[in-house]
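For what it's worth, full-length UniProt numbering labels the leading residue of the sequence shown as 1, then goes sequentially.
FYI, nobody ran anything at the bench for these hints, they're computed from the structure.
If a hint is listed, it holds; no wrong ones were tucked in.
Derived pair list, reagent style BS3-like, types lysine-lysine, alpha-carbon separation capped at 25 Å:
1. LYS71 x LYS58
2. LYS142 x LYS130
3. LYS58 x LYS115
4. LYS158 x LYS115
5. LYS158 x LYS59
6. LYS115 x LYS72
7. LYS71 x LYS96
8. LYS96 x LYS76
9. LYS76 x LYS59
10. LYS59 x LYS185
11. LYS72 x LYS59
12. LYS115 x LYS157
13. LYS71 x LYS147
14. LYS76 x LYS147
15. LYS136 x LYS168
16. LYS121 x LYS142
17. LYS185 x LYS121
18. LYS185 x LYS58
19. LYS150 x LYS58
20. LYS116 x LYS58
21. LYS158 x LYS185
22. LYS76 x LYS58
23. LYS150 x LYS59
24. LYS150 x LYS121
25. LYS168 x LYS72
26. LYS116 x LYS185
27. LYS121 x LYS59
28. LYS59 x LYS115
29. LYS147 x LYS59
Okay, the calculated beta carbon distance ranges per label pair:
30. PHE73 x GLU31: 41 to 51 Å
31. PRO129 x ARG53: 33 to 43 Å
32. GLU175 x TRP43: 46 to 56 Å
No residue lacks a Cβ here, since even glycine has one placed at the ideal position from N, Cα and C.
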Amino acid sequence: MKNNLADMMCLDIYLSSLKNEEYEQMNHHLETPACKTMPLLSWDIFMEGFQRRIIEAKKEMELEHVRSLAKKFNWKNDLSEVFSENNYEALIITDKDQNIIWVNDGFSSMTGYSKKFAINKTPDFLQGPKTSLDTKSRIRSKIASNKPFKEIIVNYKKDRTLYNCEVKIIPLYNEHTTHFIAFEKEVV
1 MKNNLADMMC LDIYLSSLKN EEYEQMNHHL ETPACKTMPL LSWDIFMEGF QRRIIEAKKE
61 MELEHVRSLA KKFNWKNDLS EVFSENNYEA LIITDKDQNI IWVNDGFSSM TGYSKKFAIN
121 KTPDFLQGPK TSLDTKSRIR SKIASNKPFK EIIVNYKKDR TLYNCEVKII PLYNEHTTHF
181 IAFEKEVV
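Let's have the full structure, built from the sequences with the hints guiding it.
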């Protein structure tokens with residue numbers, strides 16, 4: 001009786017704040033009520049945790065897709081480490097010649113361009129009159145060095161509004177660099 005979820009106020013708040021591993025440890029102590037109820041007393045708090053889980057699930061799916069590309073191209077990078085070290089909104093993979101081969105859904109949300117539009121183009125279509133030539137030159141030089149780097153560049157969305165884009169580019173390699181992955185996010 002004391003572990004019945006229906007008799008506990010605000011337990012939903014606590015449970016929604018737990019990580020999956022913590023929740024699994026606690027879950028077997030709880031009795032699930034026959035009639036499931038929605039946590040309407042704390043919907044805003046519940047949704048915050050729910051939204052976080054959705055984002056984590058999307059990022060896990062993106063990692064799995066990149067792993068499938070890694071298998072196809074025999075990349076030797078530790079992708080789990082690369083993903084865990086980088087916060088991003090948009091994810092772009094290009095070949096060695098900077099032609100885009102894959103973008104995530106976040107790319108479309110951030111830029112307004114569809115995935116289909118971006119494929120087989122270079123990221124130049126995101127640039128415009130206020131994009132610094134010096135920044136573009138630095139990025140080209142750093143890409144040529146085949147080392148990971150971070151840079152901020154002025155890009156343009158599909159509706160031509162400009163935004164500052166933090167780009168972290170990491171070479172993907174087997175014996176040699178074959179592709180690049182860019183972790184991008186809009187910054188102030």
